[in-house]
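Participant: Use these hints to put chain E onto chain C, whose structure you have.
Read top to bottom, the protein sequences are chains C and E. Numbering (full-length UniProt numbering) for the first sequence: 1 to 607. Numbering (full-length UniProt numbering) for the second sequence: 1 to 607.
By construction, these hints were calculated from the structure, which means they are not laboratory data. Be aware that one or more of the hints could be misleading.
Because identical chains share one entry, a pair is satisfied inside a single copy or across any pair of copies.
List of simulated lysine-lysine pairs, BS3-like, C-alpha gap at most 30 Å [said to hold, decoys possible]:
| id | residue 1 | residue 2 |
| --- | --- | --- |
| 1 | 77 | 426 |
| 2 | 77 | 486 |
| 3 | 74 | 426 |
| 4 | 283 | 180 |
| 5 | 80 | 426 |
| 6 | 319 | 564 |
| 7 | 5 | 74 |
| 8 | 319 | 178 |
| 9 | 178 | 335 |
| 10 | 477 | 497 |
| 11 | 225 | 147 |
| 12 | 335 | 593 |
| 13 | 593 | 464 |
| 14 | 5 | 319 |
| 15 | 283 | 331 |
| 16 | 486 | 515 |
| 17 | 466 | 335 |
| 18 | 464 | 331 |
| 19 | 225 | 335 |
2 protein chains.
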Amino acid sequence: MPAYKAPLHDIRFLMNEVLDYPAHYQTLSNGDIADADTIDMILEGAADFCENILSPLNQTGDAEGCHFENGEVKTPKGFKEAYDQFVQGGWQGLSFPEEFGGQNLPQSLNLIKSEMMGTANWSFQMYPGLSVGCINTILQYGTAEQKNTYLPKLVEGTWSGTMCLTEPQCGTDLGQVKSKAEPLADGSYAISGTKIFISAGEHDLTENIVHIVLARLPDAPAGTKGISLFIVPKFNVNADGSIGERNPVTCGSIEHKMGIRASATAVLNFDNAVGYLIGEPNKGLQAMFTFMNTARIGTAIQGIAHAELAFQGSLPYAKDRMSMRALSGKKDPDKVADAIIHHADVRRMLLTQKAIAEGGRSMIYYAAQLADKMSDALTRGDTAAFEAHDDHLGFYTPILKGFLTELGYEAANHGMQVYGGHGYIKEWGMEQIVRDSRISTLYEGTTGVQALDLIGRKVLLSSKGKVIRDYTAEILKFCGQQARNKYMRRFAWDLTKLCAQWNALTVRIMLAARKDRNIVSSASTDFLMFSGYVMMAYFWAQQAAVASAKLASGEGQETPEFYKAKIKVADFYFERMLPRTQGHAESMVNPSKTMTSLPVEHFSFDY
Amino acid sequence: MPAYKAPLHDIRFLMNEVLDYPAHYQTLSNGDIADADTIDMILEGAADFCENILSPLNQTGDAEGCHFENGEVKTPKGFKEAYDQFVQGGWQGLSFPEEFGGQNLPQSLNLIKSEMMGTANWSFQMYPGLSVGCINTILQYGTAEQKNTYLPKLVEGTWSGTMCLTEPQCGTDLGQVKSKAEPLADGSYAISGTKIFISAGEHDLTENIVHIVLARLPDAPAGTKGISLFIVPKFNVNADGSIGERNPVTCGSIEHKMGIRASATAVLNFDNAVGYLIGEPNKGLQAMFTFMNTARIGTAIQGIAHAELAFQGSLPYAKDRMSMRALSGKKDPDKVADAIIHHADVRRMLLTQKAIAEGGRSMIYYAAQLADKMSDALTRGDTAAFEAHDDHLGFYTPILKGFLTELGYEAANHGMQVYGGHGYIKEWGMEQIVRDSRISTLYEGTTGVQALDLIGRKVLLSSKGKVIRDYTAEILKFCGQQARNKYMRRFAWDLTKLCAQWNALTVRIMLAARKDRNIVSSASTDFLMFSGYVMMAYFWAQQAAVASAKLASGEGQETPEFYKAKIKVADFYFERMLPRTQGHAESMVNPSKTMTSLPVEHFSFDY
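So here's chain C without its partners, still in its complex pose (with noise of 0.2 Å):
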């Protein structure tokens, strides 16, 4: 399993250099506190502790796995400590209120910290991640007596939380969720019924586990109008704040997965658990939207994480394994073979890796400064605000988690594949990296999910395809501001093509939809991976324009070679990972009757 070592230089190009951070933290309320200094020490940190601490735990984790015993779950060996280390560091904390223990830093920086995590360990990172949400259903929807009771705990780590959505019928389609809740004397709720793949529903890691359980109330409305949101805590929580008598919510089993094999997925059988309604009865799946976005951007996380290990696994065997001559000659003349990094075939696969990562990591960040304006407006009280910039990041979010995901994905598999039949053995890692990132394209709504979100919704029910003539009227600026500039005239026009054939697909496929409906379905994952494809290029021609502009001025915080090899990468995105479009586009605006005209008694005639 390669160490894993945080690629704090291009995180700061990315930070500094492309996305102007220290400006855009200037804007915002808590904006002052994230000075230079200190977000190099949270770097650092960061970097710290998940090269010594969590990298070390990953593959180990991954052969131990959980133990299920009489409804508790044990964590890998060494996991508790590691933990232990995290809330000591104040981790948990880093942007969540100084009211209740945090250190009101922006949003962003606790996404950069979850992507270190998550690149050396992505199972651990679960445990602290899946409390976020949980925190942040109580802040926005809690009481001020919930506030007080859960999140000084929450937001110090020592309680952890979980989000428990998923039925064994229902996933996605939330409508169907049976859990009951029946209101007590007390005021409080007796709720039951089964919860499945709950991360971290139970683990050894902290005192209490506060569950947020979707469930509904008596004579509640059928389908999604029907579902209230509720706090369940594994122990009840005495007036005093101390840990009370165990609430019946108890793990029936763990699911044996294929990989993330560290992170405890739970059944949770809930009979008679005392819960307490949280946010308004029946509104509670449009609570869960609020925060559905920011969740998702930390589940596309996984897709640059896994690039990234995949990446750092794969360069230093390329340079050390010797394999044939290249074809333009001996490089390795002393050797008895060149290393294989000599071969195109092989940097190819190195250099989609790096595309992914580097690429994807822009993305991000630049969410991340959307997820830090949410939040602002929040703090600010300013609802107006807060639902633009949700609306904004909604258009980014499906293209994040379904188009990096699959990515991330693909570049796992080229880190496996760099190694020869060596990565398919357990003992190198690689393949453990593959099982891990597998599930990033499933859960927190399917890829396909995603497609229809993006289309469908965000493209053809609330704008009519506005969102993306406005972005690539964005694009399209951009690409006007760099004419003048060699280096940037073909990134520039390739641009300006793509722009004007994602403008054309959408409205083909918006006057298709008014006789087809199912093209919406049919052109989804399609017009999901193009649109992921142009804007990743977007966010390469971005580095590449901050680059030569460094070369140009001989200014910068980098060598001249790292602006260099960000131009050869862009330029590799460009000519090799681009053209994947052409592939998409054609597909898309067929009309769907190929794929739904086959009767569904007819896909097979032996089974």
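Facilitator: Then chain E, alone, in the frame of chain C:
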């Protein structure tokens, strides 16, 4: 884990209606014994064995894995009993000469049997599968004594065989092989060295294991021209054919792998083990090449095997699982939601799997006919015919091995994706298919190695593009024949354009390679995938042509619905998968410098 059901409708459609196996068999010297009744008996017997004996052991074998203790390997529960049944059924000898106990049936029937066995349980199929290479080597290069000593037991299946090529420092680049062979006084050799990744290298299924080992004689030339082949049995064989002393070839460990966990992958230590030279000294590698094409077709089968099994697993789930409503209106109005098979994007994943499984199967079954012809030429002692057919098959081999295993892995991932989060849970068995299939792009030559073999050796070096000109001429002839069939027009037109493009791309790369040697490598994988998609399109068009002719005539062994479904899947392939060619076409023609010019030390500035 889906219970395997042999897709006999599709198998018979391809054999009888598309590829006219009956007529093909008439051209073979051993074709008369492959009459309709015999074929039926074999297909049904194999289906029965695979469905009832092998399939139930697939998931349990993965969960249990192989056990290694004190140099011995125990296969998972049930494997030994199943293997005994395999031997009793005479399945190993299906296509080997009667002289050594075989049934002398055409090779193609053995490949079809292997497909069924591999789909039901790929790990199991590895054990008898590896024997085939060993048997072929002894058949072709062994002395009469060697044949009589080893073949009867190997053909019976009571002994098994391996191919020992890979060493820790080399896999693809066999010129680096270090294992040594010292001549002994009695004419045998003392073999020493370490071989890794030896499939079926040690196990408890057979009485003896016959290793074919690559090693160097003293003073052998360096590199690939100094490698000889040796037979090294696990147990020496006494003059009367009985098992003798244990030979010092010992299993040091078995690998812990991502998948095919019930297949033992051994590290073998040869410590002055007694070996017998087979074939000419220093010509071992050429001898290996004799059967490389058939061995690679055997691995290409893995692509369709996993595509088939993933489809068999995801189809019933897509019919059962209820989630959301179809965009074009309720399909299951009485249910809480529609079955997910009614969502176009889910159908995209199902149809992609089906297109890969059935399109790939037709490609394999065609190649199997070439294997028959090779084998027939060998029997007749017609070396020229053998080489002509081997050359012909040599064009298909890298495409089938490289392209079909990549698409098989894609299909396995779609199968898992249809299950949503449940796909990630071991219980369902879908993630095992992904893990098992992942090896197929790595062993028997990675995809990159296949790609270089195709464009470098087969297209440019051996034929200066003629092989593409000839193949596209064949496709264009077919298109001409179909021009008047209204069902076929769009297929013929698309194929015609792609044939022109395929030739143009070949010429363009050939010309570019004069100045830019590395383009052969930088273009290789794109060229392989482009070639694969066009070839699969031709095979889908052939299936559609037969189906439309049968619909028109009202004849044929299948129902009209079967033929209509074939045309719909062909439509799907042309509209939704074939457009991917355009991304590959655009990417491959770019000069190699974008890939090759980044200095090795600038791939990262952090590690």
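Participant: Are the CA atoms of residue 80 and residue 426 at most 30 Å apart within a copy, between copies, both, or neither?
Facilitator: both (24 Å within a copy, 26 Å between copies)
Participant: Please sort residue 5 with residue 319 into within, between, both or neither, judging by C-alpha distance up to 30 Å.
Facilitator: within (17 Å within a copy, 46 Å between copies)
Participant: Classify it for me, residue 477 with residue 497: is the Cα-Cα distance of at most 30 Å met within a copy, between copies, both or neither?
Facilitator: within (13 Å within a copy, 37 Å between copies)
Participant: At most 30 Å between alpha carbons: which applies to residue 77 and residue 426, within, between, both or neither?
Facilitator: For residue 77 and residue 426, the Cα distance is within 30 Å both inside one copy (19 Å) and across copies (23 Å).
Participant: Please sort residue 77 with residue 486 into within, between, both or neither, judging by C-alpha distance up to 30 Å.
Facilitator: neither (55 Å within a copy, 67 Å between copies)
Participant: Within a copy, between copies, both or neither: which one fits residue 486 and residue 515 at a CA-CA cutoff of 30 Å?
Facilitator: between (46 Å within a copy, 25 Å between copies)
Participant: At most 30 Å between alpha carbons: which applies to residue 319 and residue 178, within, between, both or neither?
Facilitator: between (55 Å within a copy, 22 Å between copies)
Participant: Between residue 74 and residue 426, at a C-alpha cutoff of 30 Å, which is it: within one copy, between copies, both, or neither?
Facilitator: both (23 Å within a copy, 20 Å between copies)
Participant: At most 30 Å between CA atoms: does that hold for residue 335 and residue 593 within a copy, between copies, both, or neither?
Facilitator: between (58 Å within a copy, 24 Å between copies)
Participant: From the Cα coordinates, with 30 Å as the cut-off, is the pair residue 283 and residue 331 best called within, between, both, or neither?
Facilitator: between (65 Å within a copy, 28 Å between copies)
Participant: Given identical chains, is residue 319 near residue 564, meaning Cα to Cα at most 30 Å, within a copy, between copies, both, or neither?
Facilitator: within (20 Å within a copy, 53 Å between copies)
Participant: Give the relationship of residue 178 and residue 335 under a CA distance limit of 30 Å: within one copy only, between copies only, both, or neither.
Facilitator: For residue 178 and residue 335, the Cα distance is within 30 Å only across copies (15 Å; inside one copy 66 Å).
Consistency with the previously given hints fails for numbers 2 and 17, ordered from lowest to highest.
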